[in-house]
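Peer 1: Chain by chain, the residues run as shown.
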Amino acid sequence: MNENPVDHQIIQAIKSGDRDGIKQLYQLYFNMIATLILKNNGTRLDAEDIFQEVLVTAITKVRLADFQLTSRLSSYLYSIAKNMWLYRLRKEKKIGFVDTENQENIPDDNSPEGSDSFEEKHLLIAKVFDQISEECRKILNEYYFEKKALKDIGTQMQYTEGSIRVKKLRCMESLKKKVEAHPDYIKINEL
Amino acid sequence: MNSETLFNRYVGGELSADEQKLFDELYDQDTLFKARVDHHQELVQGIQAIPDQSIRQEVGEVHQVEIKKTWDNIEFEADVTKALKFKNQETIRSGEDTSLKKDQQRVTKSNGRIFFIGQSKVFAIAASILLVISLALTYNWFTRSSGEGIWQEALTQAYDQIKQGAQTSGLADPDQGYRNLQKLVFDLLDQSESEKAMVAIEGYFINHPRDFTYHQLKAWVYFKNKKWDQARTAFQAAVLEGDSCLSKLYYALMIKNSQEFGKLILEVKQNASCMELELVRSLLTRQGL
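Listed in order, the protein sequences are those of chains A and W.
If you number the first sequence the way my numbering does, the last residue is 191 and the count never jumps.
If you number the second sequence the way my numbering does, the last residue is 289 and the count never jumps.
To be clear, the hints were calculated from the coordinates, so they are not data collected in a lab.
Errors might be hidden in some of the hints.
Taking lysine-lysine and the PhoX-like style, the derived pairs with C-alpha atoms no more than 25 Å apart in a straight line are [claimed, not checked]: (1) K177(A) - K87(W); (2) K176(A) - K148(A); (3) K87(W) - K138(A); (4) K39(A) - K15(A); (5) K177(A) - K147(A); (6) K183(W) - K127(A); (7) K21(W) - K187(A); (8) K187(A) - K177(A); (9) K127(A) - K69(W); (10) K147(A) - K39(A); (11) K224(W) - K178(A); (12) K85(W) - K177(A); (13) K68(W) - K176(A); (14) K224(W) - K163(W); (15) K138(A) - K151(A); (16) K147(A) - K87(W); (17) K187(A) - K34(W); (18) K177(A) - K69(W); (19) K121(A) - K227(W); (20) K227(W) - K151(A); (21) K69(W) - K147(A); (22) K85(W) - K176(A).
Keep in mind that this is a model prediction, so the values were computed, not measured.
Construct all of the structure, not just a fragment, from the sequences and the given hints.
Peer 2: Structure representation (structure tokens):
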């Protein structure tokens, strides 16, 4: 299997001891693992705990001289997390398991306000959304509103899955910065 | 060279090219030797797979730095999902476009620029008058009521009266733009279209100063949806935007059990122009204040 350029870059960073590699794993994959845990009777603390264990296992293996990534990095991390969490569930005799590999968003009902709450911050985000680049608007809209898979969005826009994942991350960062710099944001947070 | 020596040199990584050749032949031909080598290899891999304590520490340190930011980003993603859902609802957008454009068409056009006759001060006066009327009616209702938790019913009555006032305002009203907005908002709330009502408010106040009327109107949207905390916050914002009389009174009523309640009531009482309103005085008296 050809190694994805983003996966390759992360793996090289981890191999060389550059902590940016681990930071990127948090940015790109924590959400995916947290969704798996929260959807399967876990708590936020469980998600953090399992993710750290996944990283320790993955980094240990990546740093072995003969390490070869034979799947996407996301699938690799997911499979480690799934096995760890299933083991813990069995140990605690909790039954039932929902596979969430292709579902990366933590469901709305985990947000403190509930799924139908509507607040000023949502209006602000909707307003600021028009200020980000057209490409970012397309990516975020298709991912968060149309619920398309990142892979499909990437194919359509001629990006690899790894690249579209990073693009989406950068777009979110751009939107977040603009929202936080908006004068109304400060007012909302003061109230 | 016997198999034992060959194996030991293999374990020590000391095989020469010739020895490696011998080793490979033996591995292919001698099943016992092969099993011994495979077992050794499994042991090595197992030992290698035991996480180094330094990796655990490295992950732990990155975790401390990244985790809060990561959760914040996840929450922001949930907010973006909601915001886009809201933004993409065509019905909401058409509600915003048609209703507000209709309102805007009613205002005077001058030199190609649309401007609203009513400006912030006019809004403030008009809104205050409306609130005085509503409070008067609320007061009448109050005199017929008694008991704890009265503020919800009092504000409900006020809400109804403001809605009625907005629906009966005359076309000659100098603050027609704002009245149209009020009417639109209350109509939408009657249809349980709170999100559309919020869009209408936001849309209108893009081109108008966000004075206390902005927060008051939003407070009513929250109030209608029984979102007491948000309604209270919006009334509080109206107070912060300068309404030191009626909004303050509404806000105070909503936090009757807090320490701030007494301070706010004192401020209302010290506001001479506010206390000139008989309704305010009566309301305070009615509440035993």
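Peer 1: Next step is simple, just say for each hint if it's right about the structure.
Peer 2: Results for each hint:
no. : hint              : in the structure
1   : K177(A) - K87(W)  : holds, 19 Å
2   : K176(A) - K148(A) : holds, 21 Å
3   : K87(W) - K138(A)  : holds, 13 Å
4   : K39(A) - K15(A)   : violated, 32 Å
5   : K177(A) - K147(A) : holds, 23 Å
6   : K183(W) - K127(A) : holds, 24 Å
7   : K21(W) - K187(A)  : violated, 76 Å
8   : K187(A) - K177(A) : holds, 16 Å
9   : K127(A) - K69(W)  : holds, 23 Å
10  : K147(A) - K39(A)  : holds, 18 Å
11  : K224(W) - K178(A) : violated, 31 Å
12  : K85(W) - K177(A)  : holds, 21 Å
13  : K68(W) - K176(A)  : holds, 15 Å
14  : K224(W) - K163(W) : holds, 12 Å
15  : K138(A) - K151(A) : holds, 14 Å
16  : K147(A) - K87(W)  : holds, 15 Å
17  : K187(A) - K34(W)  : violated, 72 Å
18  : K177(A) - K69(W)  : holds, 13 Å
19  : K121(A) - K227(W) : holds, 16 Å
20  : K227(W) - K151(A) : violated, 39 Å
21  : K69(W) - K147(A)  : holds, 24 Å
22  : K85(W) - K176(A)  : holds, 17 Å
The structure shown violates the earlier hints numbered 4, 7, 11, 17 and 20.
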